[in-house]
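Participant: The primary structure of each chain is shown beneath.
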Amino acid sequence: MNIHDKLAELGLTLPDPPKAVAAYVPAAQVNGMVIVSGQLPMQDGQLTVTGPVPSKASLEASERAARTCVLNALAVVDPLLDGDWSRLVRVVRIGVFVASDPTFTDQHLVANGASELLVKLLGEQGRHARAAVGVQSLPLGASVEIEFTFQVK
Amino acid sequence: MNIHDKLAELGLTLPDPPKAVAAYVPAAQVNGMVIVSGQLPMQDGQLTVTGPVPSKASLEASERAARTCVLNALAVVDPLLDGDWSRLVRVVRIGVFVASDPTFTDQHLVANGASELLVKLLGEQGRHARAAVGVQSLPLGASVEIEFTFQVK
Amino acid sequence: MNIHDKLAELGLTLPDPPKAVAAYVPAAQVNGMVIVSGQLPMQDGQLTVTGPVPSKASLEASERAARTCVLNALAVVDPLLDGDWSRLVRVVRIGVFVASDPTFTDQHLVANGASELLVKLLGEQGRHARAAVGVQSLPLGASVEIEFTFQVK
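Residue numbers (the working numbering), protein chains in the order written: chain A, 1 to 153; chain B, 1001 to 1153; chain C, 2001 to 2153.
For the record, the hints were derived by calculation from the structure and aren't laboratory data. Please note that the accuracy of each hint is not assured.
List time: in silico DSS-like cross-link candidates among lysine-lysine, alpha-carbon distance up to 30 Å [as the list claims (entries may be wrong)]:
hint, chain 1, residue 1, chain 2, residue 2
1, C, 2153, C, 2006
2, A, 153, A, 56
3, B, 1056, C, 2153
4, A, 6, C, 2120
5, A, 153, C, 2153
6, A, 56, A, 120
7, B, 1153, A, 153
8, C, 2006, A, 120
9, C, 2006, B, 1019
10, B, 1019, C, 2120
11, B, 1019, B, 1153
12, B, 1056, A, 19
13, A, 19, B, 1153
14, B, 1019, A, 19
Just the calculated beta-carbon pair ranges, DEER-fashion [claimed, not checked]:
hint, chain 1, residue 1, chain 2, residue 2, range
15, A, 31, C, 2078, 24 to 34 Å
16, C, 2152, B, 1019, 23 to 33 Å
17, A, 86, B, 1016, 48 to 58 Å
18, A, 29, C, 2123, 31 to 41 Å
19, A, 29, C, 2078, 44 to 54 Å
20, B, 1004, A, 89, 56 to 66 Å
21, B, 1009, C, 2006, 49 to 59 Å
22, A, 44, C, 2006, 49 to 59 Å
23, C, 2124, A, 153, 28 to 38 Å
24, C, 2013, B, 1060, 49 to 59 Å
25, B, 1079, C, 2045, 38 to 48 Å
26, C, 2013, B, 1078, 39 to 49 Å
27, A, 58, C, 2005, 45 to 55 Å
Cβ atoms here follow ideal geometry from the backbone N, Cα and C, with glycine treated the same way.
Let's have the full structure, built from the sequences with the hints guiding it.
Facilitator: This is the structure we're talking about:
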């Protein structure tokens, strides 16, 4: 089953890919790798979850935010593959930044929201190396930011 | 126009490249990529901007700090290219860390200081993927640290 | 002298490699590079050092934690090389995240714990590019997390 069918099965759809902004780009390709810029949990131009975890955003909300970051990253990569995900070799790495209260130490659980969705959608090729850390704050007050490296052919 | 002329036009010069320090190096090359270590806003051996944004360093000062990080990175790469920037394929990625007060959420504006200077100096090849996050604190009290990946030939 | 002899000389041993966890993997390979997931200072299934530096973990303890992260990363890579470290081309990059009090600005000293051990064990090939930043908090309350990129043949 391809990724678009799996998305539909999960009741998910890819958003429109983000527009290129002024001075940086949604993704850069090098040596068969696609480096995707840090994605925020944006949906229809709005952040779905904001503020530090857990005082302003619950663990559940931040896991959901992580999944939204994944959908946004897939929306960036989809047109680069002309929608043909058989060209994906694997997800190589994700870097997960969680806006965190000083005592919050479950960043790995937030990151699991992203990791598990990648595996659900992409199978073995969705399995990746990962770093997850708790930061002070993120652009626009987002609760989660995730950057991605994909290998494609 | 080449990068050295553009720098001159902007009234900028590349600093002396940082010396290799004890146990790590300013840049590592792999597969035609140059990975530049996290650069601080050092000028003549001194940090130009310190402390969290905005309580200790203004937004404007931190944008300036981001530009200084770029100049330091270019100073690292310049001798690796023997000063010949036609060997640059592109800037692939920058990772921007901004020392932030808990309520500061304009890390993307700080990062724009770096991104816009890269495009001004390097044109289309300066456009890159990017992650920008707000951290608790940085080495030596720097307000900004930026790491870089360049593709060269 | 090979890495296993050098470890013995320093009174160190590689731990058992971490098991693959649910949705992500200890390391992903791409283009002759091994990307190792963020390693915590785990020893025998327990974090050796927790809490922010320096209020909960001293500088010395956090340098020790950084060395433990290195051993855990080497334990991930060792089986991928069938224990033959002559297949290592170099350590390319480490990303060092230090759980930090707001006024702590010696993340580079913590990172030196990792960098110096890599050079001690791997010689010139252990020299790497590096970013070191101070974060709010880390998974499970770890004081240090380090991710690694190795080039192998």
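Participant: Decide, hint by hint, whether the structure agrees.
Facilitator: How the hints compare with the structure:
A threshold of 30 Å between alpha carbons decides the hint, and for residue 2153 of chain C with residue 2006 of chain C the separation of about 21 Å falls inside it, so the pair holds. Of the supplied pair hints, the one linking residue 153 of chain A and residue 56 of chain A is violated, its CA atoms being roughly 41 Å apart against a limit of 30 Å. Of the pairs offered as hints, the one joining residue 1056 of chain B and residue 2153 of chain C is violated, with about 47 Å between alpha carbons and a cut-off of 30 Å exceeded. Taken as a hint, the residue 6 of chain A and residue 2120 of chain C pair is broken in the structure, with Cα atoms around 48 Å apart against an allowance of 30 Å.
Proximity of residue 153 of chain A to residue 2153 of chain C is assessed by CA-CA distance (about 21 Å); at most 30 Å being required, the pair is judged to hold. Distance hint between residue 56 of chain A and residue 120 of chain A is fulfilled; the C-alpha atoms sit about 28 Å from each other, no more than 30 Å. Proximity of residue 1153 of chain B to residue 153 of chain A is assessed by CA-CA distance (about 21 Å); at most 30 Å being required, the pair is judged to hold. Distance check on the hinted pair: residue 2006 of chain C and residue 120 of chain A sit about 42 Å apart at the alpha-carbon level, beyond 30 Å; violated.
Between residue 2006 of chain C and residue 1019 of chain B the alpha-carbon distance is near 28 Å, which keeps this suggested pair within the 30 Å criterion. Taking the CA atoms of residue 1019 of chain B and residue 2120 of chain C, the gap is about 20 Å. The hint holds against a cut of 30 Å. The straight-line distance between the Cα atoms of residue 1019 of chain B and residue 1153 of chain B is roughly 24 Å, inside the 30 Å bound, and the hint therefore holds. Restraint check: the Cα-Cα separation between residue 1056 of chain B and residue 19 of chain A comes to about 34 Å, which exceeds 30 Å; the hinted pair is violated.
About 29 Å separates the Cα atoms of residue 19 of chain A and residue 1153 of chain B, which keeps this hinted pair within 30 Å; it holds. Between residue 1019 of chain B and residue 19 of chain A, the direct Cα distance comes to roughly 39 Å. Violation of the 30 Å bound is thereby established for this hinted pair. A hinted range of 24 to 34 Å for the beta carbons of residue 31 of chain A and residue 2078 of chain C is consistent with their spacing of about 26 Å. Checked against the given bound of 23 to 33 Å, the beta carbons of residue 2152 of chain C and residue 1019 of chain B, roughly 29 Å apart, stay inside it.
Between residue 86 of chain A and residue 1016 of chain B the C-beta distance comes to about 50 Å, which sits within the given range of 48 to 58 Å. The hint said 31 to 41 Å for the Cβ distance between residue 29 of chain A and residue 2123 of chain C, and at roughly 34 Å that hint holds. The hint said 44 to 54 Å for the Cβ distance between residue 29 of chain A and residue 2078 of chain C, and at roughly 32 Å that hint is violated. A beta carbon spacing of about 39 Å between residue 1004 of chain B and residue 89 of chain A contradicts the range 56 to 66 Å that was offered as a hint.
Checked against the given bound of 49 to 59 Å, the beta carbons of residue 1009 of chain B and residue 2006 of chain C, roughly 52 Å apart, stay inside it. Checked against the given bound of 49 to 59 Å, the beta carbons of residue 44 of chain A and residue 2006 of chain C, roughly 56 Å apart, stay inside it. In this structure the supplied range 28 to 38 Å holds for residue 2124 of chain C paired with residue 153 of chain A, their Cβ-Cβ distance being about 34 Å. Separated by about 52 Å at the C-beta atoms, residue 2013 of chain C and residue 1060 of chain B satisfy the suggested range of 49 to 59 Å.
Restraint check, residue 1079 of chain B to residue 2045 of chain C: a C-beta distance of roughly 46 Å satisfies the suggested window 38 to 48 Å. Under the hint 39 to 49 Å, the C-beta atoms of residue 2013 of chain C and residue 1078 of chain B, about 43 Å apart, fit the expected range. Under the hint 45 to 55 Å, the C-beta atoms of residue 58 of chain A and residue 2005 of chain C, about 51 Å apart, fit the expected range.
The structure fails hints 2, 3, 4, 8, 12, 14, 19 and 20 (numbered hints given earlier, in ascending order).
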